[in-house]
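Please model the complete structure; the sequences and the hints are all you need to start from.
So the protein lines, in turn, are chains A and B. In terms of our numbering, the first sequence has 377 at position 389, counting the first letter as 1, and numbering is strictly consecutive. In terms of our numbering, the second sequence has 425 at position 437, counting the first letter as 1, and numbering is strictly consecutive.
Source of the hints: derived by calculation from the structure; they are not laboratory data. For clarity, every value in this text was computed on a predicted model and none was experimentally measured. Beta carbons are placed, not taken as given, at the ideal position from N, Cα and C, and that holds for glycine. Certain hints may be false.
Here's a subset of chain B near chain A, in silico, CB distances under 8 Å, partners left out [stated by the list, open to error]: (1) Y36; (2) V128; (3) L145; (4) N410.
Using 20 Å as the maximum straight-line C-alpha spacing, the simulated SDA-like pairs for lysine to any residue come out as follows [as the list claims (entries may be wrong)]: (5) B:K349 <-> B:S211; (6) B:K132 <-> A:D129; (7) A:K392 <-> B:M400; (8) B:K125 <-> B:S385; (9) B:K68 <-> A:W401; (10) B:K188 <-> A:G67; (11) A:K125 <-> B:G415; (12) B:K35 <-> A:Y187; (13) B:K21 <-> A:M185; (14) A:K35 <-> B:E142; (15) A:K80 <-> B:E142; (16) A:K188 <-> B:G25.
Protein chains: 2
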Amino acid sequence: MPKLITTRTRIADLGRPRVIVIGGGFGGLEVVKGLRGFKTQVVLFDKYNHHTFQPLLYQVATSGLETNSIVAPFRKLFGKQDDFYFRLGEVKTIHPDENYIETSIGGVKYDYLVIATGAVTNFYGMSEVEKNASSMKNIVDATKLRNKIIRQLEYALLAEDLEVMNSLMDFVIVGGGPTGVELAGALTELKKNVFPMDYKELDMRQMDIHLIEASPRLLNGMSEQAGKKALEFLTDMGVKVHLNAAVKSYDGYEVILSSGERLISRSLIWAAGVKGNPVAGIAPELIARGNRIMVDEFNRVKGYSNIFAIGDVALLDGDVKFPKGHPMMAPPAQQQGRLVARNIRNIILKKPLKPFRYFDKGSMATIGRHKAVVDMKGVRFQGFFAWYVWMFVHLMSIVGFRNKVFTFFSWMWNYFSYDRSNRLIIGRNEEKINHEELNKQPV
Amino acid sequence: MPKLITTRTRIADLGRPRVIVIGGGFGGLEVVKGLRGFKTQVVLFDKYNHHTFQPLLYQVATSGLETNSIVAPFRKLFGKQDDFYFRLGEVKTIHPDENYIETSIGGVKYDYLVIATGAVTNFYGMSEVEKNASSMKNIVDATKLRNKIIRQLEYALLAEDLEVMNSLMDFVIVGGGPTGVELAGALTELKKNVFPMDYKELDMRQMDIHLIEASPRLLNGMSEQAGKKALEFLTDMGVKVHLNAAVKSYDGYEVILSSGERLISRSLIWAAGVKGNPVAGIAPELIARGNRIMVDEFNRVKGYSNIFAIGDVALLDGDVKFPKGHPMMAPPAQQQGRLVARNIRNIILKKPLKPFRYFDKGSMATIGRHKAVVDMKGVRFQGFFAWYVWMFVHLMSIVGFRNKVFTFFSWMWNYFSYDRSNRLIIGRNEEKINHEELNKQPV
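Here it is in structure tokens:
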């Protein structure tokens, strides 16, 4: 066992049990909150210094929201919480049998460990696609995608032949889940309301937005009715939806579908799936389907009494309603986070543990202005009212009061102006325009 | 002369005289606006797709404002202007005798050319300082500086010895002009109001903010009274102001001043000066002091009747009140931009040209909450009221109505909460924490 350099990390030892939470996503935040005021020390590790509200990343990518409205610094969220420590760093390995973790800033012992490391984009082993596609799992991804979308239009102005121009103006979104559907809708609104004025020299009818879904329907996690309506909305808006179609290859220019169909686009956005992002040190036999860690009904990692895994990275064994695991979305992560905080209290207080029961509040997706689909317990609706419900629910869920206020104003602004003011290319200028290169088609 | 590839750039030729404006800063914007509705075609070239409100970059760097509040996409600003073209690209060389410019996206002919390329940071030939210092001339610089400030505090938590910790917590700002003064003030407010709660484990008394000024006083461009009061405000707030002190060297760790004094800091922010950023193709004999292009009283580049230079990059010969050139600030650039637009109209309408007369509206700088200094024609005041005047004037000057609204809300928020919500580290994760490296002092 290497020397533990806990002193270096300046985490005081007040003699309280130490709970280390790895990852400040939806689940991790609830664990930290749930232990507020209790006689534990809570240490949160994350490789970013802020929580990201992932459901709205697509709005950052499509210039609807500014970056800062959907992120909240952890120190701001928990600065007043007693005996709470945040550490910016990456966890390298956990040592479950010795109760300590190795991180980029040293080793730290724990009494209780909560793994809330979430998910990463799943390219299903297609490395060529991974290399050439954009994805959208964090704020840097979303900003890069925004830069790219706007830059492609600027480049399209300079293209000499029609195919090259189309390769820049066409966007292929892979995955008909909420992210893909919402992104396709938002891009279509840019095409309709913003780009015609910005790029008068381009014929916007040349801009195609393709949505590729491998299964026979959209929004698989929702009702048949929601999927149908989403398809109807998108088709009406001009999105080219390809069902029963999978991407076979993508070289950065040509997309080949399983049907043999060939699409030309320099922008393929991959929203076709995620997989768990378990931390090293978990025995391979504990990693189940979707790269998720097997946990018992109390979210304890199988075989351990003081290690928990929650949210996207956890696969709860034994919930008969969800034999394949709970949906990789915010609500299960939040509910598990709350429960784990409660169960850690129970363990310390020597009370019996409570098992996890998922309360499905339903799900929703927005397609565009006045167009959304909502499935709730016993009630399903689509359209105008669903859109307001979607906005209200998301506004209430955004972490941080200031972020709620600023997002609300941004949405009001976008609603009344039909504009998207964040169509900015901000970032290092590494991608210079090379005119010759641009007009050369890949061989 | 190379083949002109104007067709590639898709700039239509409606037979109107073409005005090319290089650079969309304060000056460039006024030229474009000033030609609205007139029988010219206006083509704006910029290497960014947005205007940046540079006077507030320091607030982005100190987490007070979000990036997007102080930038405005050119296409949004001028999308409705008839026969206006924006092109994202860099101008490589101008060919004054053949009336065309070479850019990264091809060559374009002009009838009138306005050089509004502004200024760049002036390190006065000190390449070691340039390599190791932060500067703040664009939004990427400001965001990187924000990331760095916050990251240094995170690193300071992990430092093992006191000198290393101080090297991370101390900040050295070079240059006692408005930028340096405002940055020092804003950093002090972070130190006072935000960091003590965020970094409880650190002793904030260890955080020193140094302001280095080579001359005997602060705010040289303003009145004696303003300089004195700024010094008093900063000293009261705890900033260590070093007058008559110049930076001799900086290796990334140790700052050596002309007095021989030695400061230890991993963050040196260079706000000690700018120099003109002329475009290639201007004869060297036309480049005067401060790297500025010599222009006549109509802002025409000496020897040419159809090439103008305005703002920071121009040095107007013959203004007896400003023998060293007009101040490198927004107002002269804006006034020259307006005048040049008017003079281009006059040339085309065969009317006499109007010479430039600088109308000095005064200047101001803010130091902190309720603390600012204002010099206006015949009236000078400092403190509470000056602070409100500063805010009002800046709010009114920010380009874009939406930006005004969002900045106003941010300021209200910051004012009442004493908080700075944008203390985010957002960017590529290239700067990983290396604990060993961190605690190793440079030799």
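key: Broken hints, by number   = none
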